[in-house]
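Assemble the complex: chain A is given as a structure, and chains B and C must be docked to it using the hints.
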Amino acid sequence: MSMIVRRSPLRTAGKYAAIGFYLIFALFPIYWLIKIALTPDALIYTEGTRMLPSALTFDNFAAVLQSDFLGYFTNSLIVSLGAAAGTTLIAAAAGYCFSRFRFAGKRAIIALLLVTQMFPLLMIIAPIYKIVAGLGLLNSLVSLIVVYTAFNIPFATFLMQSFFDGIPEDLEEAAMMDGCTRFQALRKVVFPLTLPGLGATLGFVFTAAWSELLFALMLISRNDSMTFPVGLLTFVSKFSVDWGQMMAAGTLALIPSCLFFIFIQRYLVQGLTSGAVKG
Amino acid sequence: MARLDLKDVSKSYGNVEVMRDINLSIGDGEFIVLVGPSGCGKSTLLRMIAGLEPITDGEFSIDGQRMNELRPRDRDIAMVFQSYALYPHMTVGRNMGFSKEIARAPKEERAREVAQAAQTLGLDRLIERYPRELSGGQRQRVAMGRAIIREPRAFLFDEPLSNLDASLRVEMRLEIARMHRKLNATMVYVTHDQVEALTLADRIVVLEAGRIQQVGSPLELYERPANKFVARFIGSPMMNVLPARPGAGGLRLPDGAVLDVAGDRSAGEAVEIGVRPEHIDVVAPEAGDMVVKAEMVEHLGSDTNIYVRTESERGIMVRAHGHLPVRPGAEMDLHFQRDKLHLFAADGTTIPRTGAP
Amino acid sequence: MRSARKNVVPGADRARRSFYLRYLLEPYLYVGPALVLIGAVILFPLILGISYSFQSIALLKPFETGWVGFENYAALWQDDKFWTAIGNTALWTCGSLFFQFFLGLGLALLLNTSFRGKRLFQALVFLPWAVPTFLTALTFAWLFNPVIGPFPHWLAGLGLIDEPYNILGDPDLAMWGPILANIWFGVPFFAITLLAALQSIPSELYEAAEIDGASDWQRFSKITLPFLAPMIVITVMLRTIWIANFADMIYVMTGGGPAGSTEILSSYVFTTAFRKLDFGYASAIAVALLLILLAYALILLVVRQKLVRT
Chain A
1 MSMIVRRSPL
11 RTAGKYAAIG
21 FYLIFALFPI
31 YWLIKIALTP
41 DALIYTEGTR
51 MLPSALTFDN
61 FAAVLQSDFL
71 GYFTNSLIVS
81 LGAAAGTTLI
91 AAAAGYCFSR
101 FRFAGKRAII
111 ALLLVTQMFP
121 LLMIIAPIYK
131 IVAGLGLLNS
141 LVSLIVVYTA
151 FNIPFATFLM
161 QSFFDGIPED
171 LEEAAMMDGC
181 TRFQALRKVV
191 FPLTLPGLGA
201 TLGFVFTAAW
211 SELLFALMLI
221 SRNDSMTFPV
231 GLLTFVSKFS
241 VDWGQMMAAG
251 TLALIPSCLF
261 FIFIQRYLVQ
271 GLTSGAVKG
Chain B
1 MARLDLKDVS
11 KSYGNVEVMR
21 DINLSIGDGE
31 FIVLVGPSGC
41 GKSTLLRMIA
51 GLEPITDGEF
61 SIDGQRMNEL
71 RPRDRDIAMV
81 FQSYALYPHM
91 TVGRNMGFSK
101 EIARAPKEER
111 AREVAQAAQT
121 LGLDRLIERY
131 PRELSGGQRQ
141 RVAMGRAIIR
151 EPRAFLFDEP
161 LSNLDASLRV
171 EMRLEIARMH
181 RKLNATMVYV
191 THDQVEALTL
201 ADRIVVLEAG
211 RIQQVGSPLE
221 LYERPANKFV
231 ARFIGSPMMN
241 VLPARPGAGG
251 LRLPDGAVLD
261 VAGDRSAGEA
271 VEIGVRPEHI
281 DVVAPEAGDM
291 VVKAEMVEHL
301 GSDTNIYVRT
311 ESERGIMVRA
321 HGHLPVRPGA
331 EMDLHFQRDK
341 LHLFAADGTT
351 IPRTGAP
Chain C
1 MRSARKNVVP
11 GADRARRSFY
21 LRYLLEPYLY
31 VGPALVLIGA
41 VILFPLILGI
51 SYSFQSIALL
61 KPFETGWVGF
71 ENYAALWQDD
81 KFWTAIGNTA
91 LWTCGSLFFQ
101 FFLGLGLALL
111 LNTSFRGKRL
121 FQALVFLPWA
131 VPTFLTALTF
141 AWLFNPVIGP
151 FPHWLAGLGL
161 IDEPYNILGD
171 PDLAMWGPIL
181 ANIWFGVPFF
191 AITLLAALQS
201 IPSELYEAAE
211 IDGASDWQRF
221 SKITLPFLAP
231 MIVITVMLRT
241 IWIANFADMI
251 YVMTGGGPAG
261 STEILSSYVF
271 TTAFRKLDFG
281 YASAIAVALL
291 LILLAYALIL
301 LVVRQKLVRT
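Those sequence lines, one after another, are chains A, B and C.
137 is the number that UniProt numbering gives to position 137 of the first sequence; each next residue is one higher, with no gaps.
331 is the number that UniProt numbering gives to position 331 of the second sequence; each next residue is one higher, with no gaps.
153 is the number that UniProt numbering gives to position 153 of the third sequence; each next residue is one higher, with no gaps.
It is possible that part of the hints are untrue.
Said to hold, decoys possible - List of simulated lysine to aspartate or glutamate pairs, EDC-like, C-alpha gap at most 16 Å:
no.: 1; chain 1: A; residue 1: Lys238; chain 2: A; residue 2: Asp68
no.: 2; chain 1: C; residue 1: Lys276; chain 2: C; residue 2: Glu26
no.: 3; chain 1: A; residue 1: Lys15; chain 2: C; residue 2: Asp216
no.: 4; chain 1: B; residue 1: Lys182; chain 2: B; residue 2: Glu30
no.: 5; chain 1: B; residue 1: Lys293; chain 2: B; residue 2: Glu331
no.: 6; chain 1: A; residue 1: Lys106; chain 2: C; residue 2: Glu64
no.: 7; chain 1: A; residue 1: Lys188; chain 2: B; residue 2: Glu101
no.: 8; chain 1: A; residue 1: Lys35; chain 2: A; residue 2: Glu47
no.: 9; chain 1: C; residue 1: Lys222; chain 2: C; residue 2: Glu210
To be verified - Pulled a few chain B residues facing chain C out of the computed Cβ check, cut under 10 Å:
no.: 10; residue: Pro54
no.: 11; residue: Asn68
no.: 12; residue: Glu69
no.: 13; residue: Leu70
no.: 14; residue: Arg71
These are calculated hints, taken from the structure and not from any lab test.
We put the CB at the ideal spot given by N, CA and C, even for glycine.
Bound conformation, chain A alone (with noise of 0.2 Å):
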């Protein structure tokens, strides 16, 4: 908006305000986060509650680094990767021909992707055991990937489509006007043209799997198959007290999220609007 606004001083130290208030409240708990993975061990319980330790280490991180976290973190990444490139591809082709053609049961197949965004997820988790368990993937991460994939379709769908939307088909019809098959259309056309969208679609379905949790609890419980939440949660569990360490493991798991959310912030308004609705 371009208008000309009176500013009343009060008003101008009121908004400040709320952008104060709203930075602090963002990254207060951040901040804590990485303020006791910092904190050295023999200094916690002096100083657990201080803004600012005395002192620096990275003791923390050296240690969680040795420990079986690498697998965790590792793990994760296979899981997150492996699913964030199927549902990627699959997503990439169906929400492509929801934005190209017109057939019979579309209306349908949309309205069954809407639904599968509201029901329970947790109303399959024991019918998933069960499939998972007589299939004996159970701690396999293939099968993590697998019902991971599932989840993210519909909203992966959605988002790929208004990427597709957005481009027009006229730029594949010259393509196949020029002699290309419709498979080659896509390919040497459509698909340059969205790699953006193949991007941010990666990068949603990577964090989603990252942050994914009560699934892997229920299907791995075998160590060195542990996804980085469960094996963080299983050492919080264990060793209670270690707070340097875990909120080192803590921060760690923080990275690959910050880093995708770094790429992915500028489609975030695109990606929420485009009648996909999602944490």
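Quick look at chains B and C alone, frame taken from chain A:
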């Protein structure tokens, strides 16, 4: 080059029929313009020829070979889109050579042909640019270059000039006419702009509500429209249509004027007459068919458009050649040129003239 | 006109049919994988889950497996924990939603103005949305810990509690721990959604209102709110359902305790399935949750229709 035949072609979406009874033969090297108001189905017809839209019924063939089931790529037709549809992530050169790239033509050959086409279209210095860096007219040229390089059996144009401003549109229109003469190719061109249709076409196809209203040369459509729709669609300003009743001595207009013309009774009763604004003369007092009052006057320099009202408050547009010093509110006498009058039956079809009553 | 018929070669009919078949099938090839996966991993288990609620399936009691009719539901009716969980679900959902919405609206309005460093500010305040939920839950659990967290000391300093203790262990206050964490995590979502809606309001409307002499408050209440209203209704409805289903925060922070005081329906489903391995009973709770949410959505839709009519 090629001859295109559409035979009993129809198109439905589900149960809704949007086109039917389309029969059209397009000769080798002919420039055909499909024209009609928006929603008349002209673009759908073009897309069916291109293969982008399946044909529901009937047959489309090129040089006698059935095309219905062939994909766009197998029909060997090029198309210029309204939006130009240039690939934003490719340079001008790659855009133009894309069809050859898909056909796996050798690189040097591709480069040579692109360079040659760019030369003809005046794009030689822009080959390394991206579409977003070009002006509207330049994009239009690239789109045409892309079609030319394909060396297709026929060219299709889907309102290619509608995104350009007026002066550029005239320039590109000439460019397309030049291209047609040089390549002597079969071309099908869709537009809603009758000026483009009249200036470019060998033959014009007028479509309305999914049906062909008339096919003919520009002059034929102007002089002998098959029905009221075509009569009013072709020509600018639009043809005046007035209700008429047969009476003693000819056709009687609502204001009492009687015109000494008659139609072929076997073709039906004439209930309306049509007269183009340029076929109405402003004449000396008492010498005309009716007296009217000028309401609005547009001085265009070469012509003067006068919008007049008859005694019964009916509006008529008159176009006089040159500058005519008329003031709004002035009374004037109008004369209808008898040999340029058109008669229409109740269903809108044209009734042939039979000379004087 | 030359007849095209003579060019039709034998077998053309088959070619024609395969052409239309391909044309008809193509969309389903693209959407197929998604459908198969959703069918196998979500819909089939969903039906299986509903059937579980009529069976006795507890992994710890393998010899009592079988159909039991409505026995699970009867047990549920008698289960005090279930009724407490319904109340907790309402508190959890409404408490989280209320603050998420109003803080989100404030943030959206703030982001819809211009000030220096807005891009950075936006990135920083949206950051909580990117923090994995289990980590949010753990972080807040730690913040409430009197040894390493400042919250108990602040609360005591404000006089809200007598001495710095962990409110997550206090049955009367524990629910506010997860709710606070959920608010922190959910504000960016509302801010983003509302911001997108705000930005879709044509600025000419505000300019016209300005010329007509509308005050700030009038502009907000006469233009902004009516424009946002339809979107707010939908978002709040979907978000309610989402929050009611959201068990991670509670499971990690309190595990439903102390003494079931923070157990909501969805976390009750999870603990019953995961800790007790009683799949039949867990499925019955889940079906009950589903029915409650359905009823909620139906009531909301009916109310909306009534409001639209009048």
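Self-check item: Which numbered hints fail
Solution: 2 and 6
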